[in-house]
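Chemist: Chain by chain, the residues run as shown.
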Amino acid sequence: MHEGMPEVRTQWIQGPVWAKTREEMRRDVMEGNNPLTGRPVMQEIVEKLTKPLTAEEKRTGEIKRDRGPETYTGTREELNKLFLEKRFTDFLPIVLPTPERVNEMLMGTSHDPDEVVGKMSPTNTGQYFEFWTFTVRDVAVNAVMAGCKPEYMPVLLAILSPDPRTGISKEAISVSDNGFTGAVVINGNIRDEIGLNYDVGAVGPYAHANTNIGRAWSLASINLGNCGKPGTTYMGVIGNPMNLINIVIAENEEKSPFKPFSVRKGFEKGENVVSLFEGWGILSAANWKVNRWGTEMDYPQIAKDIFAQQGMFTPTAVLSPPIANFIKARFDTIEEFVNWAVPAGPSFFPGFAKTKPKPDAAGDEPDAGRTAPKTPPMFTFPKANILVTGASNNNYWSVGGLSYSRSVRIDDWR
Amino acid sequence: MHRFRSLWVLGMFVILAAVSQAPSGMLFAMDSSSIQYEVLSPWGEADPKPLKGISPRLGDLSGKKIGLFANYKRAALPIAISLQKQLRSMYPDSQVSIYHSDQWNVTEIETENREIFKKWAEGNDAVILLVGD
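Top to bottom, those sequences are chains L and G.
Quick note: the first sequence uses the numbering used here, first residue 1, plus one each step.
Quick note: the second sequence uses the numbering used here, first residue 1, plus one each step.
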């Protein structure tokens, strides 16, 4: 579809494949049957290479998914049912986006309602699916549905603004079978201005702004990027509950002993900035065995030990202020701490290189290609991300894998 | 008398409370479930795509050059190697080669391997793209 070939001949084989031995691969996959048709895989492959093209396969012109009507009319019950059936929602009740409510939401930004904000697809590269383009009004419609207040619009628009390097906006719900989540870190005075929570329960659904901004990003991804349709545009094997409201972190700049994340990315202190991440998510560091309980906890060492166990996405620690202070007692800056804690640098997707089969005498070596693995263009990889938020009522913190992509000035979208 | 006046005041309070809960303009139509709303579509605009069609088929694989392009996904190369063996045993007079790209989320033609890739692709009668986990 993305490449203008919706009729491309695709051969399905029985997966997952990557952990199979060569013998299992031969017996169960290549000499097995297509799991959808039940016919032999090799027979179908040969047919797909040799059977003449159909008229539909030769068709030229243009394809375009129909957006449907600009408006829908009905009773509240009918419209809620319609939005649910059309998969416009996240299965939770929504606020119906009447023109009055959307116009009120648009008061939260000076940008023209018809201004194109960006384009999105279920992958951050735009590969495999066509892009969907969306305007400020489209964002406002989804913000209304999520329950946002107009003053959240600049934050939401900044999150959905395109990456200047690619022109692509970041989806919160990736198609990947891994089950990723989106995450944002918000710095600056806007945290208090719109009531973001960075105290007790900072990363949970315990404040209107955190919860609804996160939910709006997911609804926008569903409706403005065609994301989150299981079986087609969403393939998460297990799924990820964080997709509902994502991870919205307002840093506790006041209690943190370190410079805010945005300042470390080159912005002024107090400047309103949202930084975008993607990854597995986070969970309590207390669940790692290396988090040794005792009277004298060595938190820097515990962090180092946990970081050493992270892979694929950048090790990311969300520290409560007390934990940040333990680290500050030994390291003046985040950079010093990170260089000590992750001396070898990021272990980008370490498992993948090891899965390559060894060449053998039967000519199993690829004939060309085989370049060195490179960092995907959408991500930059610091050794670790250190964020500070939450309350000081106990020594808890969370850790996980989240890769940083970029930071956006929120005030550009006021 | 005093008791009746209290009941009258209470009655007015109940009526006012009911009226204040009704949607504006719906003073006498209390069944809000029948109100018609107009709402905006939440969908973005799908970008149009020019249709390219797919390449003509080969008719027969005997004596042909078949290219297997394995992308960066974990299972792509193992599938390619297995498929290469199968095709070689089925069509001994065919040439089946593998091109393996390790690069994430980039189009091979946009890499420094552009010329190598082009030469390989153009040297084949057909190419199968292999992806998967």
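These are calculated hints, taken from the structure and not from any lab test.
Small disclaimer: the values here were computed from a predicted structure and weren't measured.
Be aware that a few hints might be false.
[What the hints assert, rightly or not] Below, computed lysine to aspartate or glutamate pairings styled on DMTMM-like, alpha-carbon distance capped at 20 Å:
no.: 1; chain 1: G; residue 1: Lys64; chain 2: G; residue 2: Asp133
no.: 2; chain 1: G; residue 1: Lys65; chain 2: L; residue 2: Asp305
no.: 3; chain 1: L; residue 1: Lys51; chain 2: G; residue 2: Glu112
no.: 4; chain 1: L; residue 1: Lys149; chain 2: L; residue 2: Glu193
no.: 5; chain 1: G; residue 1: Lys73; chain 2: L; residue 2: Asp66
no.: 6; chain 1: L; residue 1: Lys81; chain 2: G; residue 2: Glu38
no.: 7; chain 1: L; residue 1: Lys48; chain 2: G; residue 2: Asp60
no.: 8; chain 1: G; residue 1: Lys52; chain 2: L; residue 2: Glu31
no.: 9; chain 1: G; residue 1: Lys49; chain 2: L; residue 2: Glu56
no.: 10; chain 1: L; residue 1: Lys48; chain 2: G; residue 2: Asp47
no.: 11; chain 1: G; residue 1: Lys52; chain 2: L; residue 2: Asp28
no.: 12; chain 1: L; residue 1: Lys229; chain 2: G; residue 2: Glu122
no.: 13; chain 1: G; residue 1: Lys64; chain 2: L; residue 2: Glu47
no.: 14; chain 1: G; residue 1: Lys73; chain 2: G; residue 2: Asp125
no.: 15; chain 1: L; residue 1: Lys58; chain 2: G; residue 2: Asp125
no.: 16; chain 1: G; residue 1: Lys49; chain 2: L; residue 2: Glu62
no.: 17; chain 1: G; residue 1: Lys85; chain 2: L; residue 2: Glu7
no.: 18; chain 1: G; residue 1: Lys85; chain 2: L; residue 2: Glu130
no.: 19; chain 1: L; residue 1: Lys20; chain 2: G; residue 2: Asp133
no.: 20; chain 1: G; residue 1: Lys64; chain 2: L; residue 2: Glu44
no.: 21; chain 1: G; residue 1: Lys52; chain 2: L; residue 2: Glu7
no.: 22; chain 1: L; residue 1: Lys64; chain 2: G; residue 2: Asp47
no.: 23; chain 1: G; residue 1: Lys52; chain 2: L; residue 2: Glu24
no.: 24; chain 1: G; residue 1: Lys65; chain 2: L; residue 2: Glu44
no.: 25; chain 1: G; residue 1: Lys49; chain 2: L; residue 2: Glu130
no.: 26; chain 1: G; residue 1: Lys85; chain 2: L; residue 2: Asp411
no.: 27; chain 1: L; residue 1: Lys86; chain 2: G; residue 2: Glu38
no.: 28; chain 1: L; residue 1: Lys86; chain 2: G; residue 2: Glu45
no.: 29; chain 1: G; residue 1: Lys49; chain 2: L; residue 2: Glu31
no.: 30; chain 1: L; residue 1: Lys51; chain 2: G; residue 2: Asp60
no.: 31; chain 1: L; residue 1: Lys229; chain 2: G; residue 2: Glu45
no.: 32; chain 1: G; residue 1: Lys49; chain 2: L; residue 2: Glu296
no.: 33; chain 1: G; residue 1: Lys52; chain 2: L; residue 2: Asp177
no.: 34; chain 1: L; residue 1: Lys64; chain 2: G; residue 2: Asp102
no.: 35; chain 1: G; residue 1: Lys85; chain 2: L; residue 2: Glu44
no.: 36; chain 1: G; residue 1: Lys85; chain 2: L; residue 2: Glu62
no.: 37; chain 1: G; residue 1: Lys49; chain 2: L; residue 2: Glu193
no.: 38; chain 1: G; residue 1: Lys85; chain 2: L; residue 2: Glu193
no.: 39; chain 1: G; residue 1: Lys73; chain 2: L; residue 2: Glu85
Chemist: Against this structure, judge whether each hint is valid.
Modeler: We went through each hint and held it up to the structure:
1. Lys64(G) / Asp133(G): Not satisfied, since the Cα-Cα distance of roughly 28 Å exceeds 20 Å.
2. Lys65(G) / Asp305(L): Violated: Lys65(G) and Asp305(L) sit about 51 Å apart, past 20 Å.
3. Lys51(L) / Glu112(G): Outside the cut-off at roughly 35 Å; violated.
4. Lys149(L) / Glu193(L): 12 Å, holds
5. Lys73(G) / Asp66(L): 32 Å, violated
6. Lys81(L) / Glu38(G): This hinted pair holds, its Cα atoms lying about 14 Å apart.
7. Lys48(L) / Asp60(G): Between Lys48(L) and Asp60(G) the Cα gap is close to 11 Å, so the pair holds against 20 Å.
8. Lys52(G) / Glu31(L): 32 Å, violated
9. Lys49(G) / Glu56(L): Holds: Lys49(G) and Glu56(L) sit about 16 Å apart, inside 20 Å.
10. Lys48(L) / Asp47(G): At roughly 29 Å apart (the allowed maximum being 20 Å), Asp47(G) and Lys48(L) break the hint.
11. Lys52(G) / Asp28(L): 34 Å, violated
12. Lys229(L) / Glu122(G): Violated, at about 37 Å.
13. Lys64(G) / Glu47(L): 15 Å, holds
14. Lys73(G) / Asp125(G): Judged against 20 Å, a Cα distance of about 24 Å means the pair is violated.
15. Lys58(L) / Asp125(G): Judged against 20 Å, a Cα distance of about 19 Å means the pair holds.
16. Lys49(G) / Glu62(L): 5 Å, holds
17. Lys85(G) / Glu7(L): 27 Å, violated
18. Lys85(G) / Glu130(L): 35 Å, violated
19. Lys20(L) / Asp133(G): Holds, because 10 Å separates the two Cα atoms, which is no more than 20 Å.
20. Lys64(G) / Glu44(L): This hinted pair holds, its Cα atoms lying about 18 Å apart.
21. Lys52(G) / Glu7(L): 10 Å, holds
22. Lys64(L) / Asp47(G): Within the cut-off at roughly 7 Å; holds.
23. Lys52(G) / Glu24(L): This hinted pair is violated, its Cα atoms lying about 37 Å apart.
24. Lys65(G) / Glu44(L): 18 Å, holds
25. Lys49(G) / Glu130(L): Distance of about 8 Å is within 20 Å: holds.
26. Lys85(G) / Asp411(L): Status violated; Cα separation ~59 Å.
27. Lys86(L) / Glu38(G): 16 Å, holds
28. Lys86(L) / Glu45(G): The given pair, whose Cα atoms are some 16 Å apart, holds under the 20 Å limit.
29. Lys49(G) / Glu31(L): Judged against 20 Å, a Cα distance of about 36 Å means the pair is violated.
30. Lys51(L) / Asp60(G): 9 Å, holds
31. Lys229(L) / Glu45(G): 17 Å, holds
32. Lys49(G) / Glu296(L): Since the Cα atoms of Lys49(G) and Glu296(L) sit roughly 62 Å apart, the hinted pair is violated (cutoff 20 Å).
33. Lys52(G) / Asp177(L): Not OK: Lys52(G) and Asp177(L) at ~28 Å, beyond 20 Å, violated.
34. Lys64(L) / Asp102(G): Roughly 32 Å between the alpha carbons, so the hint for Lys64(L) and Asp102(G) is violated.
35. Lys85(G) / Glu44(L): Within the cut-off at roughly 16 Å; holds.
36. Lys85(G) / Glu62(L): 39 Å, violated
37. Lys49(G) / Glu193(L): It is violated: about 43 Å lies between the C-alpha atoms, which goes past 20 Å.
38. Lys85(G) / Glu193(L): At roughly 64 Å apart (the allowed maximum being 20 Å), Glu193(L) and Lys85(G) break the hint.
39. Lys73(G) / Glu85(L): This hinted pair is violated, its Cα atoms lying about 34 Å apart.
When the structure is compared with the earlier hints, violations turn up for hints 1, 2, 3, 5, 8, 10, 11, 12, 14, 17, 18, 23, 26, 29, 32, 33, 34, 36, 37, 38, 39 and for no others.
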